[in-house]
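Chemist: Note that the protein sequences, when read in sequence, are chains A and B.
To convert a position in the first sequence, counted from 1, into the working numbering, add 170.
To convert a position in the second sequence, counted from 1, into the working numbering, add 15.
Think of the hints as simulated: they come from the structure by calculation, not from any bench.
Computed from a prediction, not measured in an experiment: that's the story for all the values here.
C-beta: ideal position from N, C-alpha, C; glycine also.
Among the hints, erroneous ones may be present.
[Said to hold, decoys possible] To spell it out: a stretch of chain A is covered by chain B in this simulated footprint if at least three of its residues, at any positions, have a beta carbon under 8 Å from a beta carbon of chain B; those stretches are:
#, segment
1, 298–308
2, 313–322
[Stated by the list, open to error] Label pairs and their calculated CB-CB ranges:
#, chain 1, residue 1, chain 2, residue 2, range
3, B, P150, A, G228, 34 to 42 Å
4, A, V245, B, E78, 54 to 62 Å
5, A, G228, B, T17, 40 to 48 Å
6, A, A227, B, G204, 51 to 59 Å
7, B, R31, A, R229, 43 to 51 Å
8, A, A227, B, D127, 45 to 53 Å
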Amino acid sequence: MDFILEGLRQAFLLLFSGNAETYSAVAATLAVSSYAMAVSLAVGIPSGFALGHLRFAGRRQVRLVVDTLMSLPTVFIGLIVYAFVSRQGPLGHMGLLFTLEGIAIGLTILALPVVISLSASAVESTDANLRTTLLSLGAGKPQLMLGTLWETRHAILAGALAAYGRVMTEVGIAMIVGGNIKWHTRTITTAIALETNKGQFAMGIALGLVLLLIAFVVNGSVSFLRKR
Amino acid sequence: MTLYRLDHIVHRYDKRPALSPALSIDRWSVAEGAITGLCGPNGSGKSTLLKLLGFIERPSQGEIYLQGRKADMGMRRVRDHVTLLPQESYLLKRNVYKNVAYGLRLRKDRSDEARRVHQALDLVGLAPDRFAPRPWYALSGGEARRVALAARLVLKPKVLLLDEPTTSVDAASAQQMKAAALHAHRQWGSSLIISSHDVQWLQDVCHDIVYVFNGRILGQGQRTLLFGPWQRMEGNRVGRRLAEDQIFVAGNPPVEIDNAVAAIDPAHLSLYSSDKDIPGGNMALKGLLTRLALENATGRIHLAVAVGHTEFTASLTAETLATENYRPGKEIWIAYRPEDVTWY
Chain A
171 MDFILEGLRQ
181 AFLLLFSGNA
191 ETYSAVAATL
201 AVSSYAMAVS
211 LAVGIPSGFA
221 LGHLRFAGRR
231 QVRLVVDTLM
241 SLPTVFIGLI
251 VYAFVSRQGP
261 LGHMGLLFTL
271 EGIAIGLTIL
281 ALPVVISLSA
291 SAVESTDANL
301 RTTLLSLGAG
311 KPQLMLGTLW
321 ETRHAILAGA
331 LAAYGRVMTE
341 VGIAMIVGGN
351 IKWHTRTITT
361 AIALETNKGQ
371 FAMGIALGLV
381 LLLIAFVVNG
391 SVSFLRKR
Chain B
16 MTLYRLDHIV
26 HRYDKRPALS
36 PALSIDRWSV
46 AEGAITGLCG
56 PNGSGKSTLL
66 KLLGFIERPS
76 QGEIYLQGRK
86 ADMGMRRVRD
96 HVTLLPQESY
106 LLKRNVYKNV
116 AYGLRLRKDR
126 SDEARRVHQA
136 LDLVGLAPDR
146 FAPRPWYALS
156 GGEARRVALA
166 ARLVLKPKVL
176 LLDEPTTSVD
186 AASAQQMKAA
196 ALHAHRQWGS
206 SLIISSHDVQ
216 WLQDVCHDIV
226 YVFNGRILGQ
236 GQRTLLFGPW
246 QRMEGNRVGR
256 RLAEDQIFVA
266 GNPPVEIDNA
276 VAAIDPAHLS
286 LYSSDKDIPG
296 GNMALKGLLT
306 RLALENATGR
316 IHLAVAVGHT
326 EFTASLTAET
336 LATENYRPGK
346 EIWIAYRPED
356 VTWY
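Bound conformation, chain A alone (with noise of 0.2 Å):
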């Protein structure tokens, strides 16, 4: 229990020092969390809502692959991403292997069907007479869709805030395609699991606090922009 309580105190000290090698850890993970979500955000909610509100022939089956995608295991998707970046592998040439941009298109990869599929829940499970009460008022059909897309905007940032907690909380990206190099790709999560490794607690506790920080910012926005 001492160790654990050294740990914490520790951790305090190491971040109100600025400790250069945390705060690089908490930089990288930020620029990585954020590329993968502007990107899964500016793609998967239209997408989403697309497979949500329309009808077209294998929306089922296009459901069902989203769906499946959900649950991929962070460290099968480390390998496909490592096989396509590294030197022999079809983007090799792209220099993209042990960088920040490659682990951000791996984390890109892991948030997107979970964008997809709770936007496409969100909008699937509105009121049916949302879209009575849209057209009886007179909505043609972009109105109709942008209208849906507003009222159902509360759902939707609960889905994205699920695709950041899996961001933000993915180890096996990080490690198999950036490398967990220390200044350059070291994330908060591969840091912890390095840092528990060497049996030093206290920068594994204190790089935990401020990703709880990191969520409880991004939740406390969320809940403020809910409130409005």
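Following the hints, position chain B against chain A.
Modeler: For chain B alone, coordinates are given in the frame of chain A:
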């Protein structure tokens, strides 16, 4: 002029042909500027009919003509002039003001918006200053229903379709909603089509009442409808027990009697204070006069006579009523000829 004309309409929610359609109307038209009532039991197809008339859904087969021209959902003239208040009103996740102004904003018609929104809220009896800033979740069921109606009234629609507008609202709210709907008719000439279980209200305000049953329109006017189970009787007649010693006897039944509906027109019902006065060849039923109501459109008086749980509607002129001593609570005889019963 004709507002709506329905031509060979069939609407199915389930595509399996073995199942009967939700709605099947060969031909039906609605007069412009009139108030038309729809009545019928739950699940009879009233809401489906209103959704088709509001161009919320497209019929599986057939055509709908609006003011003589073929119309379809999405058309500008439809979206701008026809609006439906659905049975379960849904409020958008924004405040009352924005809910009411939503239709105006869709039309990019924002001139004098605040005054028009406040006027619409006034019409439904909601104080604009108190209610306009309220979020959608801070309203009671009756208030939400009135806000939904205000969102339609602010558009000054040519056609206002109301699906059970007063269901699950208190008496005061219902009264205000009824008055607001009539205001739209009187002030802006809106045509109203109202589905309601409040038959007395429909009788009071409607120029025409239509019965919908099993997805079909069972004629217009103040008819009494009788549903099975029917028992076959002698002489090509069937009967339906209404009370312990009262059987409604009808002639010329259809071959398939199980789901048949009998209808009798008020013109074919005669009223007597004593059964001794009833001429031969007539069937007689003893009932209780429960209600008198004035039909505004014709000036005739409708008399509701309860026989068991069935209520018959008869009709008299005001002059005839004045000479007879008919008043609610009086036992009365109704007489009809079994051959005058029509079947659906």
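Chemist: The structure should be examined with respect to each hint, and the outcome stated for every one.
Modeler: Results of checking the hints against the structure:
As drawn, the segment 298–308 of chain A meets chain B at 9 residues by the rule of a beta-carbon pair under 8 Å; at three or more, the given contact holds. Given a C-beta distance limit of less than 8 Å, the hint that chain B covers the segment 313–322 of chain A holds, as 4 residues qualify and 3 suffice. The hint said 34 to 42 Å for the Cβ distance between P150 (chain B) and G228 (chain A), and at roughly 40 Å that hint holds. Between V245 (chain A) and E78 (chain B) the CB atoms are about 60 Å apart, so this pair conforms to the stated range of 54 to 62 Å.
Distance hint check: the CB atoms of G228 (chain A) and T17 (chain B) are about 43 Å apart, consistent with the given range 40 to 48 Å. Remark: the range hint 51 to 59 Å for A227 (chain A) to G204 (chain B) is contradicted by a beta-carbon distance near 46 Å. Between R31 (chain B) and R229 (chain A) the C-beta distance comes to about 21 Å, which lies outside the given range of 43 to 51 Å. Take A227 (chain A) and D127 (chain B): their Cβ atoms lie about 48 Å apart, and the range 45 to 53 Å holds.
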